[in-house]
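Each chain, written out:
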Amino acid sequence: MSLPLDSFTPLQRTQKTDAINRPSTTLWQDARRRFKKNPLAMGGLIVLILICLFGFVGPFFSHFNYYSNDLSHTLNPPSWVHPFGTDELGRDILTRAMYGTQISLAIGFGSVLINLTIGIIYGGISGYVGGRIDNLMQRFIDIIFSVPDMLYVILLMVLLGSGLRNIFIVLGIEYWVTMARIVRGQILTMREQEFVLAARTLGASTPRILFKHLLPNTVGQIIVVSALQIPAAIFMEAFLSFIGLGVQPPLVSLGYMAAEGRGNIPGYAFALIFPAALIAILMLAFNFIGDGLRDAFDPKMRK
Amino acid sequence: MSNEVILEVNNLVKHFPINEGFLSRENKKVHAVNGISFKLHQGETLGLVGESGCGKSTAGRTIIRLYEATSGEAKFMGRNIYDLSKKEMMTVRRDMQMIFQDPYASLNPRMTVGDIIGEALDIHHLASGQKRTNRIYELLETVGLNSEHANRFPHEFSGGQRQRIGIARALAVNPKLIICDEPISALDVSIQAQIVNMLEELQEQLGLTYLFIAHDLSMVKHISHRIAVMYLGRIVEITTSQDLYDHPMHPYTQALLSAIPIPDPDVELKRSRIVLEGGVPSPIDPPSGCYFRTRCPKAQQQCAQTTPELKDCGNGHLVACHLV
Numbered sequence: 009m010s011l012p013l014d015s016f017t018p019l020q021r022t023q024k025t026d027a028i029n030r031p032s033t034t035l036w037q038d039a040r041r042r043f044k045k046n047p048l049a050m051g052g053l054i055v056l057i058l059i060c061l062f063g064f065v066g067p068f069f070s071h072f073n074y075y076s077n078d079l080s081h082t083l084n085p086p087s088w089v090h091p092f093g094t095d096e097l098g099r100d101i102l103t104r105a106m107y108g109t110q111i112s113l114a115i116g117f118g119s120v121l122i123n124l125t126i127g128i129i130y131g132g133i134s135g136y137v138g139g140r141i142d143n144l145m146q147r148f149i150d151i152i153f154s155v156p157d158m159l160y161v162i163l164l165m166v167l168l169g170s171g172l173r174n175i176f177i178v179l180g181i182e183y184w185v186t187m188a189r190i191v192r193g194q195i196l197t198m199r200e201q202e203f204v205l206a207a208r209t210l211g212a213s214t215p216r217i218l219f220k221h222l223l224p225n226t227v228g229q230i231i232v233v234s235a236l237q238i239p240a241a242i243f244m245e246a247f248l249s250f251i252g253l254g255v256q257p258p259l260v261s262l263g264y265m266a267a268e269g270r271g272n273i274p275g276y277a278f279a280l281i282f283p284a285a286l287i288a289i290l291m292l293a294f295n296f297i298g299d300g301l302r303d304a305f306d307p308k309m310r311k
Numbered sequence: 005m006s007n008e009v010i011l012e013v014n015n016l017v018k019h020f021p022i023n024e025g026f027l028s029r030e031n032k033k034v035h036a037v038n039g040i041s042f043k044l045h046q047g048e049t050l051g052l053v054g055e056s057g058c059g060k061s062t063a064g065r066t067i068i069r070l071y072e073a074t075s076g077e078a079k080f081m082g083r084n085i086y087d088l089s090k091k092e093m094m095t096v097r098r099d100m101q102m103i104f105q106d107p108y109a110s111l112n113p114r115m116t117v118g119d120i121i122g123e124a125l126d127i128h129h130l131a132s133g134q135k136r137t138n139r140i141y142e143l144l145e146t147v148g149l150n151s152e153h154a155n156r157f158p159h160e161f162s163g164g165q166r167q168r169i170g171i172a173r174a175l176a177v178n179p180k181l182i183i184c185d186e187p188i189s190a191l192d193v194s195i196q197a198q199i200v201n202m203l204e205e206l207q208e209q210l211g212l213t214y215l216f217i218a219h220d221l222s223m224v225k226h227i228s229h230r231i232a233v234m235y236l237g238r239i240v241e242i243t244t245s246q247d248l249y250d251h252p253m254h255p256y257t258q259a260l261l262s263a264i265p266i267p268d269p270d271v272e273l274k275r276s277r278i279v280l281e282g283g284v285p286s287p288i289d290p291p292s293g294c295y296f297r298t299r300c301p302k303a304q305q306q307c308a309q310t311t312p313e314l315k316d317c318g319n320g321h322l323v324a325c326h327l328v
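In the order they appear, the protein sequences are chains B and C.
Going by the numbering used here, the first residue of the first sequence is number 9, and it counts up by one from there.
Going by the numbering used here, the first residue of the second sequence is number 5, and it counts up by one from there.
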């Protein structure tokens, strides 16, 4: 069967081009939406916000401070006045935990900020310049990597002396190595991508390529690594304070409180349990957030 | 098509060094492009074909100076581009642009379509503010998209649409020559036709010259005025596309053409195909003499000893083979 040709009439074109009707979503919006759908990550975020409030707003509602002692109330068990009890110098553990949380959070974010700065610059140069310079820079990283973290940090702390500022410095120069490697790897894989070649054929300068094309595309990875490095830094600080290389009294951190509480485990375990539990919750929250961010920025990682 | 030569490539060579070994440094090289020469006339489309890994893309990228040439020259409008300073090169970049193969990798996922196209305008200070916006809209419409698309991100577009954005980006600087690096091989067939037709229309409207790199022979025949066939970094045959299909002279071209399926089952069943033995030799250690001799059904002793030069076999039909 065939139809006569004149029974066909051409359809009028109503639209010249194909329109997209879906509202525009940026990659950030996509990531945010995926993150919100992840219950563990959202739970972690809420817990983190609560802990931040606890650390930074809590002290305003407390009748005590972290340094003055009350020798008539030493090692009190939890009560209405001292919900977490008091330590062997009669200081309120709840209030001390609030300040300790402040310090821990500050160390977590602060050291990550330092290692971000060093890591991005070092990794960016190493990856983009490539060749012999990259080789040299990577061997230097290998040397740092070959020394165990713990040993490296302890040696540096002994060398610089304990104290809050030195903890920032030591943790900052400890963790940038991982960041530099990640940034370099990302930039290496993207350097030969066609969109970078396209920018080069247009005559884009090196800074333009680095800051407009390469780095924005590594931001996801950088955020994920940072989010997972924050708990590592917090844990490292707690450990250092625990062995006596961390913050010095009267300043207090969660690790330092745990170290203090350790001596009284048989009778007064609460002095250890509360700060230790806070460290654990903080670590869990950050790790959940980190995992959630990784899934949000890299949908291929999802099951 | 005029007779004015816009691009003249003479003996272009591109080798990539591979450094192996730590103590005894062995300097091996990948011979990606091994001395190719051709001329490209204003308003013409030259197809560059060959199988994967034969150096087509490297040739294209070296001609636009994404890679520095090992030796040889590429004269663009009379000037050898490898002699130009960075500043002079910027003016060449306005006249010579490139369209890339993979529409998914060639657009920065973090930039809006408007910024991707506008980047060319920013770099060369061609337009700013409202003029920039208008130019971007104009370019989008030139390639069959609409101005609303400017604020969207590449991932919201299909492959064909993305390739159009890539073309708009190349057109933003008003180039004279566009190197198309397999612009259609990542697209499906119906979209391929759209893009090729659009490229042809743009050529007519804007007087563009194309160096069209591809491996799909039938598509290349459709768009090209002349075709150059490459094998292992060398051009083995150049002629007009009709002539190449009617009278292929190089054994490699003959084999390539016989690999194109014929859309008629009866003919397809009866015809005899030239099947080449073995694979392409490694470009790290290419054979002596004619590179094709290891797979050539007609190879003789002479082929292993001397390298055949491109010679004119009448009407500008150039072939590099001892046997023609």
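What the hints contain is simulated information worked out from the structure, not anything from laboratory work.
Among the clues, some could well be false.
As the list claims (entries may be wrong) - Quick list of in silico lysine to any residue cross-link-like pairs, SDA-like style, CA-CA up to 20 Å:
no., chain 1, residue 1, chain 2, residue 2
1, C, Lys90, B, Ser170
2, B, Lys220, C, Lys32
3, B, Lys220, C, Lys33
4, C, Lys33, C, His251
5, C, Lys32, C, Lys90
6, B, Lys220, C, His128
7, B, Lys220, C, Pro291
8, B, Lys220, C, Asp220
Said to hold, decoys possible - Listing some non-contacts, in silico: residues in chain B with all C-beta distances to chain C over 12 Å:
no., residue
9, Val55
10, Met145
11, Arg189
12, Ala284
Glycine residues also receive a C-beta, built at the ideal position from the N, C-alpha and C atoms.
What are the numbers of the hints the structure violates, in ascending order? Hint check: 1, 2, 3, 4, 5, 7 and 8 fail, others pass.
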